[in-house]
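Asks: Sequence:
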Amino acid sequence: MKNLLEEIRRCEVCKAHLPLGANPIISASKDSKIILVSQAPGRLAHLHTKAWDDPSGRRLREWLGVNETTFYDPINFAVLPMGFCYPGKSATGDLPPRSECAPLWHAHVLNQLKKPQLFILIGGYAQKAYLKDATTLTDRVKRMNDYLPNYLPLPHPSPVNHFWMRKNLWFETEKLPAIKRIIQDIL
Numbered sequence: 001m002k003n004l005l006e007e008i009r010r011c012e013v014c015k016a017h018l019p020l021g022a023n024p025i026i027s028a029s030k031d032s033k034i035i036l037v038s039q040a041p042g043r044l045a046h047l048h049t050k051a052w053d054d055p056s057g058r059r060l061r062e063w064l065g066v067n068e069t070t071f072y073d074p075i076n077f078a079v080l081p082m083g084f085c086y087p088g089k090s091a092t093g094d095l096p097p098r099s100e101c102a103p104l105w106h107a108h109v110l111n112q113l114k115k116p117q118l119f120i121l122i123g124g125y126a127q128k129a130y131l132k133d134a135t136t137l138t139d140r141v142k143r144m145n146d147y148l149p150n151y152l153p154l155p156h157p158s159p160v161n162h163f164w165m166r167k168n169l170w171f172e173t174e175k176l177p178a179i180k181r182i183i184q185d186i187l
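All residue numbers for the sequence shown refer to the numbering used here, where the first residue is 1 and numbers rise by one.
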């Protein structure tokens, strides 16, 4: 796993399309219990070379009921975004993840994992890639029990996503307590 992660961190396949250059961010251990599959690192994560090192990461840790030490231990959580580098900004937020990363690297990483217990699919890009169903993010999150025990679909914890959070108050009251229990049982 160590050699693979080093190889991924040196990847420059899509460098020409990245406004801040290539800086692949990934974390994993062959013993990772939970795999966080998300969109792509944000600008702050890119600048610090640390996944989820921003307001979205703080909110995600709150949702999961874990502290930073637990979260950043790769035996607990592997970080496997759909795009490993910051893709840049659009008028409405960050650009979508580059399409090269997941097909190029995900299978190699997953093949080295002993026995992950849960894939947390954060946002629509991860859910479409891993679940391959024709439903919406909101419906997947509402029906999260249908995807367990292998997958747990979540909305993106970005502060930009406050409209979704306001429209779906049931997520905080009904789903977050169950999500925290699931994570604690695995850890």
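Careful: at least some of the hints might be erroneous.
Below, computed lysine-lysine pairings styled on DSS-like, alpha-carbon distance capped at 25 Å [what the hints assert, rightly or not]:
id, residue 1, residue 2
1, LYS132, LYS115
2, LYS30, LYS180
3, LYS114, LYS89
4, LYS115, LYS89
5, LYS115, LYS33
6, LYS167, LYS128
7, LYS30, LYS2
8, LYS142, LYS114
9, LYS33, LYS89
10, LYS180, LYS128
11, LYS15, LYS33
12, LYS114, LYS2
13, LYS142, LYS132
14, LYS50, LYS2
15, LYS89, LYS142
16, LYS33, LYS167
17, LYS2, LYS89
18, LYS114, LYS175
19, LYS15, LYS114
No lab work stands behind these hints: they were computed from the structure.
Asks: Each hint should be assessed against the structure and marked as holding or not.
Replies: Structure-based check of all given hints:
1. For the proposed pair LYS132 and LYS115, the alpha carbon gap of about 22 Å is at most 25 Å, so the pair holds.
2. About 24 Å separates the Cα atoms of LYS30 and LYS180, which keeps this hinted pair within 25 Å; it holds.
3. Pair hint LYS114 plus LYS89 does not hold up; C-alpha atoms about 36 Å apart against a cutoff of 25 Å.
4. Using a Cα cut-off of 25 Å, the hinted pair LYS115 and LYS89 is violated, with the two alpha carbons roughly 36 Å apart.
5. Taking the CA atoms of LYS115 and LYS33, the gap is near 7 Å; set against the 25 Å cutoff, the hint holds.
6. With a C-alpha separation of about 22 Å, the suggested pairing of LYS167 with LYS128 holds against the 25 Å cut-off.
7. Under the criterion of a C-alpha separation no larger than 25 Å, the hint pairing LYS30 with LYS2 is consistent with the structure, at around 9 Å.
8. With a CA separation close to 30 Å, the supplied pair LYS142 and LYS114 exceeds the 25 Å bound.
9. At most 25 Å may separate the alpha-carbon atoms for a hinted pair to count; LYS33 and LYS89 exceed this at roughly 32 Å.
10. About 24 Å separates the Cα atoms of LYS180 and LYS128, which keeps this hinted pair within 25 Å; it holds.
11. Distance check on the hinted pair: LYS15 and LYS33 sit about 31 Å apart at the alpha-carbon level, beyond 25 Å; violated.
12. Proposed proximity of LYS114 and LYS2 is supported: the alpha carbons are some 14 Å apart, at most 25 Å.
13. A distance of roughly 17 Å separates the Cα atoms of LYS142 and LYS132; the hinted pair therefore holds under the 25 Å criterion.
14. Using a Cα cut-off of 25 Å, the hinted pair LYS50 and LYS2 holds, with the two alpha carbons roughly 17 Å apart.
15. A distance of roughly 29 Å separates the Cα atoms of LYS89 and LYS142; the hinted pair therefore is violated under the 25 Å criterion.
16. Restraint check for LYS33 and LYS167: the C-alpha separation of about 32 Å exceeds 25 Å, so the hint is violated.
17. Proposed proximity of LYS2 and LYS89 is contradicted: the alpha carbons are some 31 Å apart, above 25 Å.
18. Our distance criterion of 25 Å between C-alpha atoms is broken by LYS114 and LYS175, whose separation comes to about 29 Å.
19. Between the alpha carbons of LYS15 and LYS114 the distance comes to roughly 31 Å, so the proposed pair goes past 25 Å and is violated.
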